[in-house]
Amino acid sequence: MTGRESIKVALVGIPNVGKSLIFNRLTGGKAWVGNWPGVTVEKKIGKLRINGAEAEVVDLPGIYSLTAYSIDELIARNFIIEENPDVVVCIASAVNLERSLYLAISLLELGANVVLDLNMIDLAEKEGYKVDSARLGGLLGVPVIETIATTGYGIDKLKNAIRKALQEKGRNVRIVNYGREVEEAIEKLEKLIEELTPELTSKYPARWLAIKLLEGDSDVLSKVVKLPRGEAVVSHARSLKECLERKVGDLESYIIKRRYERVLEITKAVVRKVVAPAISLTDAIDSVLTHKVLGIPFALSILYLLFRFAFEVSTPFVDLIDVAINGYLHDLVIGITTLPEWLTSLLADGVIAGVGTVLTFLPVVAFFFLGFAVFEDVGYIARIAFLVDKLFSKFNLPGKTIIPLIIGFGCNVPGVMATRTIEDENDRKTAALIAPLASCNARLPVYLVIGAAVLGYSAGFAVLSMYALGILLALLMGFAFRRFLFRGLSSGFVMELPPYMKPNIGNVAMKTWERTKKFLFKAGTVIFLGAVVVWFLSVTGPTGYLGPDHIEESFAGIIGNWLSSTILKPLGWDWRASVALLFGFIAKEVVVGTFGVLYGVGEEEETVAHAIAEHHSFTPLTGYAYMAFVLIYIPCVATLAAIRGELGLKYAILALVYEIVLAYVVALIIVAGGHALGIA
Amino acid sequence: MAQLNIKNIKALSPAILILGIIYLVIGIISIINWCIVLANLGKQFYPNLIPGDLGFALVTLTVGASLTTSTYFIMRENIVMHLVSATCGAWLAVGALLIQIMVAAATILDAIIVGDSIDYSIISENLLRSDVIMGCIILPALIYYTSVLRKMVKA
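Taken in order, these protein sequences are the chains called A and B. Under this note's numbering, the first residue of the first sequence is numbered 1, with each subsequent residue one higher. Under this note's numbering, the first residue of the second sequence is numbered 681, with each subsequent residue one higher.
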């Protein structure tokens, strides 16, 4: 145990190994959720009582190794080095021991005080494997504890092992023998590092530094070269590397190969095949659910049912909130006659409407996250990503990007929030930025009204084309973002398919609560502010407070008039269309309602469409361009708030700006292209 | 025991094929109804029973494809794949049934909240649909197939 007062325990493991469940079992499910400094990778910290003292349990990102190739791996590596946790619990899958052991060996080489948690032993036994955990512990020189995270089996033993490990000092870092010649080079370099850069060896094991320098690890190289005598160490490492590469080929590949050989050696020694079933249940189900023909319709069908669960089953709760806030509370404020008119309007149409907007989203978001967490726990979400991975990789996107896009067809808010299941930061940022391009339910009334007003029999096709355009633009923008904006580190397209499991109620409830809470507090504040700002613009003008019936003279009306006579003039839209776009910032469905108010015909879709047709506000071409503009132009305030919550203000502004520019360019292409082809 | 299960499965497979074909027909009618709504072409075919909804069509066609594909596997004497294909299709069908029941319950609750009257139309529109009826028919087959599949993959 280190001399400091607080005890730190780190949890590390490959993705889908049951790490979150182990974290919840150790900490009782209470966690503080934030981000790692400087990045948007989620950080979870919980508390565990050990020997009467409180230990901090840190859940590290799911990783396969400790290279410097992915941000998640760098975070885990730097945490173990910089924060020097007292114990590192490496959670390994008994079903897929080889892959987990590579990570365990990497941790041991780094000098971490490892406790190996052999999870999913029940599933391994079902698949006909028996792991000799005592022998595994002996070979690695660490305590090995068997657990079943779903039932809680072995968790007390794991807590005891952590307790005992606190008394231990360093572990054996010589876990892999790299062969005589490489070992000699490592030894020489170790001595040089200890002699020339002692400031580094207080933090890092010299052997690990030597191996990393020979591997050409960019992060370690940059750290060493910064030191006064670091250049000499680096140049010596380079000459040793060149010399060795003449004998063994690419040294990095050779070192990885030797590590894998050691992993295979250990696996062979400890894993015994007890029964050999013809096919496991997971493999059997996967033969249909990940089938190249049947898999995709299954995935779309399941997502459609999830979509119905979130949007239709939550309806009474949405209406309950709506009736309570936008009905009773709104009427209560309106009924207070002693207040000045502007204050009544601010409270009723600004503050209460804003709170109502936030809270009416809440049931949909909660129901969506509940359904999503169930499928995540079952292990199906990873399969959906696997199915589209090949197609999406052509656009430099991971398969998991499909989930926010499909969810976005219902509502972009849960779509953006679903991006947090994407492990790699660059992939996650890209997915969150392109998710609003999926045509959500709120845009449909706009398409139907404009289509019915000006497109006649082509309306159906025009509506369908909007969905296709959204996906096409999302893929193209995703490609562009990955190519030009997020060119940094990526986790690549390695994907772990976990075995199918029954969902754990506690885990599902925990995930649903954490994600919904984050929406409420992070997105809610922005939605509320947005609603109040739009209220202000619509009821006030240069002469002061105007009331809700004078939109044309209000700031919103003035801005709409200015837009239609300048920037939007080439697109051929009148001031009403421009004002409706401004109000669409609150929610896209408001566009139809705004048209209704401006034409004085109410909010019925049919009458609004009739009024638009009567006033000749659009030609078929400009109407179609307007539909495309509504699809793309800006994420609604709730989506923008969700992006801010997930990625921060900078990226919310980026989403706002790029979507306005993209919408304008696409609408202009439609109008100009149509005119060029002789279409009115 | 295993032999008896295989015999039963083989005897049940024509029924699974018929259910699969019915699901495929429902899916096709649903697409036709969807096109009728979209292009405003007039009267739909049994709109209450088979809603013109692309998502509904997708689910029913997937169930139908999965159930009919399972027959192909039994013709090739691949019992495990027959079981898996039919079970996955049946699970999806029952999933659609459960969601529809939840939607019906939510609609009733919603009517209470907003003060609408609860009449027979809520029941007929939400529960007298082909996905609900077919889901109920396929439920016993799902239970039996799932239990046999569990035994077969373990053995």
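Note that these hints are calculated values from the structure, not bench results. Treat the hints loosely; a few may be bogus.
[As the list claims (entries may be wrong)] Which chain B residues face chain A? A few, computed with CB under 8 Å, are given here:
{"hint": "1", "residue": "758"}
{"hint": "2", "residue": "759"}
{"hint": "3", "residue": "765"}
{"hint": "4", "residue": "768"}
{"hint": "5", "residue": "774"}
{"hint": "6", "residue": "775"}
{"hint": "7", "residue": "776"}
[To be verified] Derived SDA-like pairs: lysine to any residue, alpha-carbon spacing no greater than 25 Å straight-line:
{"hint": "8", "chain 1": "B", "residue 1": "831", "chain 2": "A", "residue 2": "390"}
{"hint": "9", "chain 1": "B", "residue 1": "690", "chain 2": "A", "residue 2": "272"}
{"hint": "10", "chain 1": "A", "residue 1": "268", "chain 2": "B", "residue 2": "780"}
{"hint": "11", "chain 1": "B", "residue 1": "831", "chain 2": "A", "residue 2": "129"}
{"hint": "12", "chain 1": "A", "residue 1": "126", "chain 2": "B", "residue 2": "780"}
{"hint": "13", "chain 1": "B", "residue 1": "831", "chain 2": "A", "residue 2": "500"}
{"hint": "14", "chain 1": "A", "residue 1": "241", "chain 2": "A", "residue 2": "280"}
{"hint": "15", "chain 1": "A", "residue 1": "390", "chain 2": "B", "residue 2": "745"}
{"hint": "16", "chain 1": "A", "residue 1": "502", "chain 2": "B", "residue 2": "687"}
{"hint": "17", "chain 1": "A", "residue 1": "126", "chain 2": "B", "residue 2": "782"}
{"hint": "18", "chain 1": "A", "residue 1": "191", "chain 2": "A", "residue 2": "81"}
{"hint": "19", "chain 1": "A", "residue 1": "390", "chain 2": "B", "residue 2": "782"}
{"hint": "20", "chain 1": "B", "residue 1": "831", "chain 2": "A", "residue 2": "241"}
{"hint": "21", "chain 1": "B", "residue 1": "687", "chain 2": "A", "residue 2": "283"}
{"hint": "22", "chain 1": "B", "residue 1": "690", "chain 2": "A", "residue 2": "283"}
{"hint": "23", "chain 1": "B", "residue 1": "690", "chain 2": "A", "residue 2": "191"}
{"hint": "24", "chain 1": "A", "residue 1": "159", "chain 2": "B", "residue 2": "760"}
{"hint": "25", "chain 1": "A", "residue 1": "502", "chain 2": "B", "residue 2": "690"}
[Stated by the list, open to error] Here are some chain B residues pointing at chain A (derived, C-beta under 7 Å):
{"hint": "26", "residue": "716"}
{"hint": "27", "residue": "764"}
{"hint": "28", "residue": "772"}
Only a predicted model underlies this, so the values are computations on that prediction, with no experimental measurement involved. Glycine residues also receive a C-beta, built at the ideal position from the N, C-alpha and C atoms.
field: In rising order, the numbers of the hints this structure does not comply with
entry: Numbers 1, 2, 5, 8, 9, 10, 12, 14, 16, 17, 19, 20, 23, 24, 25 and 26, in rising order.
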